[in-house]
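Engineer: Chain by chain, the residues:
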Amino acid sequence: MNADVKIEVRNLDVFIGNTRALRGVTIDVPARSILGIIGPAGSGKTVFLRTLNRLNDLTRGFRATGRVLLDGADILAPGADVVGIRKRVGMLFALPVPLPMSIFDNVAFGPRLAGTRSRRTLRQIVESSLKAAFLWEEVKDRLNTSSLRLSGGQQQRLCLARVLAMEPEVILLDEPCSGLDPVSTARIEEALAELKARYTIILVTNNTKQAARVACNTAFFLMGELVEVGPTSKIFISPSDPRTNDYVIGKFG
Amino acid sequence: MVVRWIAERAVKWVLIALAFSALASLLLIAVFIFKEGVPFIVRVGLKDFLLSSEWDPQAGRFGVFAMIVASLCVTFGAMIVGAPLGVAGAIFLNEFVSRRITRIVKPAIELLAGIPSVVYGFIGVVAVAPLIREHLGGPGLSLLCASLILGVMVLPTIMSVAADAISSVPNSYREGALALGATRWQSVRMVILKAARSGIVAGVILGLGRAVGETMAVIMVAGNTVQVPGSVLDPVRTLTTNIALEMGHATGLHRQALFATGVVLFVVIMILNALTMAAMKRGHAGK
Chain S
9 MNADVKIEVR NLDVFIGNTR ALRGVTIDVP ARSILGIIGP AGSGKTVFLR TLNRLNDLTR
69 GFRATGRVLL DGADILAPGA DVVGIRKRVG MLFALPVPLP MSIFDNVAFG PRLAGTRSRR
129 TLRQIVESSL KAAFLWEEVK DRLNTSSLRL SGGQQQRLCL ARVLAMEPEV ILLDEPCSGL
189 DPVSTARIEE ALAELKARYT IILVTNNTKQ AARVACNTAF FLMGELVEVG PTSKIFISPS
249 DPRTNDYVIG KFG
Chain B
7 MVVRWIAERA VKWVLIALAF SALASLLLIA VFIFKEGVPF IVRVGLKDFL LSSEWDPQAG
67 RFGVFAMIVA SLCVTFGAMI VGAPLGVAGA IFLNEFVSRR ITRIVKPAIE LLAGIPSVVY
127 GFIGVVAVAP LIREHLGGPG LSLLCASLIL GVMVLPTIMS VAADAISSVP NSYREGALAL
187 GATRWQSVRM VILKAARSGI VAGVILGLGR AVGETMAVIM VAGNTVQVPG SVLDPVRTLT
247 TNIALEMGHA TGLHRQALFA TGVVLFVVIM ILNALTMAAM KRGHAGK
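As they're listed, the protein sequences go chains S and B.
With my numbering applied, the first sequence covers 9 to 261.
With my numbering applied, the second sequence covers 7 to 293.
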């Protein structure tokens with residue numbers, strides 16, 4: 009096993025009901041960098057992402073074969089500690105999901121689950137997480153107001169802060185900017201650029217330009233298959249598969 | 007054009023009239039009860055009526071204090087039995103079992119609401135009361151028996167309203183909490199119950215209303231002795247059962263006294279509703 013590989017996916021097949029959502033995906037996710045995943049709708053990007061933190065367990069009819077090794081341990085194995093995996097692999101959804109509680113409680117949710125009770129420690133975690141998500145300056149005076157009062161862009165950064173507060177090892181982002189305006193998107197991308205020094209990040213995006221801007225490596229999915237993966241510059245400038253080329257220059261999708 | 011305008015107008019006024027007819031019947035009921043009952047209260051004196059426990063129509067004694075206490079105790083007891091079971095059942099059906107089982111169990115529990123209250127009373131008399139008498143002592147027909155029976159009666163109301171509230175919590179909340187490393191139970195306790203709180207409270211209020219007003223089952227299982235209960239094993243008589251038991255043969259002042267009992271019942275229900283509404287509002291303000 010390569011020391012710099014955080015997640016090794018080997019021959020991953022996923023079925024949802026009778027539909028084959030992923031076909032034999034094999035990919036290495038390098039540690040402390042951003043892997044961008046692009047591909048048209050229905051290509052299995054989100055299913056792939058949700059397999060990595062076992063959130064697909066909630067999907068009815070979900071079945072996976074193959075191996076997904078997180079630091080060498082198979083997270084699809086029958087005895088795997090699902091809750092523990094989700095604590096190590098944080099996730100940000102397409103639509104921001106602020107929980108119906110205050111800003112402070114949202115960010116403190118993960119640490120509290122992990123058993124942190126001290127008010128002082130929680131406050132420190134909340135402050136540093138909000139700072140890392142570039143939200144602190146906007147909300148520092150109203151941490152006790154409801155998170156539902158924030159704007160969409162702020163909510164998404166709140167969700168990012170909430171993920172960071174868990175101190176995960178991997179962060180999965182499922183089209184985190186699809187509902188955001190360009191300024192909010194820039195804020196999120198700014199945060200990601202700093203976070204990649206410490207976290208392994210996988211970014212699913214429908215916006216190929218976003219992948220080109222922030223991803224170190226990019227993978228292209230099409231109809232449940234991993235067509236190609238490589239350094240972002242190579243994927244966008246000289247892809248080896250013609251289908252990748254068609255997609256990134258905007259011929260389809 | 008003119009015809010259409012008239013039709014629009016007509017529909018509007020008909021709907022307004024229909025909407026107000028519900029309000030009007032409520033008003034009429036209130037006016038009727040108050041008209042019959044209030045003169046009596048004035049005559050006997052509010053203090054003697056509300057704060058005395060002596061109810062002896064033949065001797066001209068009309069004190070309803072014991073019945074007020076009994077009504078509150080029975081209702082409270084029913085909520086202790088019914089609310090936790092109802093809410094727990096709603097959580098279980100929504101969060102912990104497969105949809106197939108929910109489809110069987112939920113209608114079955116809702117069917118409980120369709121069983122006539124006299125049948126509940128019957129079960130209380132032949133099954134629950136003897137159990138209480140043998141194992142806990144007392145006459146069996148008691149505050150405890152009434153609470154248990156009423157608790158089961160309000161269960162379907164509370165459960166189905168709470169279950170609807172819980173199932174309308176967006177799935178994204180569930181996923182959000184689980185993705186943060188919450189266990190199933192943690193996500194229910196820390197997120198889903200919070201999001202569904204107002205619906206759950208609404209279910210409990212509905213159950214409460216049903217418990218305060220229930221008469222038939224209570225007559226059969228509560229023992230009907232006019233007294234302030236000293237323990238849950240004592241027989242009690244509630245405001246509703248008092249009216250039902252004596253209306254048939256009451257005349258004159260006695261009859262007026264029963265209307266006055268109705269006034270008290272009316273006010274008690276209003277106060278309970280106001281309290282729960284206030285509790286609900288406070289819950290919202292915290293959001």
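The hints are simulated quantities; they were obtained by calculation from the structure and are not laboratory data.
Take the hints with a grain of salt, since some may be wrong.
Covered by chain B, according to a simulated footprint, are these stretches of chain S (three or more residues, beta-carbon under 8 Å) [what the hints assert, rightly or not]:
| # | segment |
| --- | --- |
| 1 | 57-68 |
| 2 | 87-98 |
Pair ranges (Cβ atoms, derived) [to be verified]:
| # | chain 1 | residue 1 | chain 2 | residue 2 | range |
| --- | --- | --- | --- | --- | --- |
| 3 | B | Ala133 | S | Ala88 | 46 to 52 Å |
| 4 | B | Leu21 | S | Asp189 | 56 to 62 Å |
| 5 | B | Ser58 | S | Ser126 | 52 to 58 Å |
| 6 | B | Thr189 | S | Thr67 | 53 to 59 Å |
Quantities reported herein were computed from a predicted structural model and do not represent experimental measurements.
Every residue, glycine too, gets a C-beta built ideally from N, C-alpha and C.
Engineer: Does each hint hold? Answer for all of them.
Structural biologist: Quick rundown of the hints versus the structure:
Taking a C-beta to C-beta cut-off of 8 Å, the segment 57-68 of chain S contributes 3 residues in contact with chain B, enough for the three needed, and the coverage statement holds. Note: the segment 87-98 of chain S has 5 residues with beta-carbon separation from chain B under 8 Å; the three-residue rule is met and the coverage holds. Separation of B:Ala133 from S:Ala88 is about 49 Å and conforms to the stated range, judged on CB atoms against 46 to 52 Å. At roughly 43 Å, the beta-carbon separation of B:Leu21 and S:Asp189 lies outside the given 56 to 62 Å, and the hint is violated.
A C-beta distance of roughly 56 Å is found between B:Ser58 and S:Ser126, which places it inside the suggested range of 52 to 58 Å. Roughly 18 Å separates the CB atoms of B:Thr189 and S:Thr67, a value that falls outside the hinted 53 to 59 Å.
Of the numbered hints stated above, those contradicted by the structure are hints 4 and 6, listed in ascending order.
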